[in-house]
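Peer 1: Sequence:
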Amino acid sequence: MYGQPGFGSISPAIKNLLLTNIAIFLIQSLIAPNLDNVLSWLLPPGYQPGANTSAFDLIFGLIPSLVVTKFYIWQLVSYMFLHGGFWHILLNMFILWMFGSELEHTWGTREFVRYYFLTGIIAGFSILIWNLIMGIDPLTIGASGAVFGILAAYALFFPDRYVYVYFLFPVKVKYFVVFIGILEFWALPSQDNVSHIAHLGGMIAGFFYLRHRYRHWGIGRNFFKDFFKKKDRW
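Each residue of the sequence shown is one higher than the one before, counting from 1 in our numbering.
Hints were generated in silico from the structure; no laboratory data involved. Heads up, some of the hints might be wrong.
Here are the computed lysine to aspartate or glutamate pairs in the EDC-like style, where the Cα-Cα straight-line distance is at most 20 Å [claimed, not checked]:
#	residue 1	residue 2
1	172	102
2	70	137
3	174	184
4	174	192
5	172	184
6	15	137
7	174	102
8	174	160
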């Protein structure tokens, strides 16, 4: 996926988010596994690191039972800064950079940061509620909820921009994001290692937040009504 020229110049919040995520990923990958003996003391009985999961992951990732029964409330924020591997963080940071910088330039840094954390936290609540309903208690990590909120916002603000899927196929952002949303909804019942509910939660949270903000900013509702309206060709 590749955007047209002009996408993704580095803006202040994006730069700080990229650096923070990369720094935490390095800690998570290189340092945290060696601290299991120390950090395990901070975990309640029954929650211990395994072959592919460190105590650092369990403390700062999102685990529904720890949030509900042990009040690990910080996990609703901290899970956004942990990632499951190189490709996981690379894809999330690439999308954040590509689509987030222009939104930050458009909204301002404060509004962008507010939106990023709001969608990420609501995505966290979506994970929490969904997994409690399903009776499962997985560890969830990654910035994907907030990143999908960024995708939704970009599609709403710049619906007729193009992205190049696999560097070959030009698709308008609005259609691309709707298609991704449908795929995520379709994949909800799957048992893969992807938190589809986080992706949907971030997108839906972004949509309703922006709808409210549009009214506050005086932009009105026509934007949403015209989202799929075809433009005349000259």
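Peer 1: Hint by hint, note whether the structure agrees.
Peer 2: Against the structure, the hints:
With a C-alpha separation of about 16 Å, the suggested pair residue 172 and residue 102 falls inside the 20 Å cut-off, and the hint holds. Of the pairs offered as hints, the one joining residue 70 and residue 137 holds, with about 14 Å between alpha carbons and a cut-off of 20 Å not exceeded. For the given pair, residue 174 sits about 15 Å from residue 184 by alpha-carbon distance, which is consistent with the 20 Å threshold. Of the supplied pair hints, the one linking residue 174 and residue 192 is violated, its CA atoms being roughly 26 Å apart against a limit of 20 Å.
Restraint check: the Cα-Cα separation between residue 172 and residue 184 comes to about 19 Å, which is no more than 20 Å; the hinted pair holds. At most 20 Å may separate the alpha-carbon atoms for a hinted pair to count; residue 15 and residue 137 exceed this at roughly 33 Å. Between the alpha carbons of residue 174 and residue 102 the distance comes to roughly 16 Å, so the proposed pair stays at or under 20 Å and holds. A distance of roughly 7 Å separates the Cα atoms of residue 174 and residue 160; the hinted pair therefore holds under the 20 Å criterion.
In this structure, the hints that do not hold are numbers 4, 6, in rising order.
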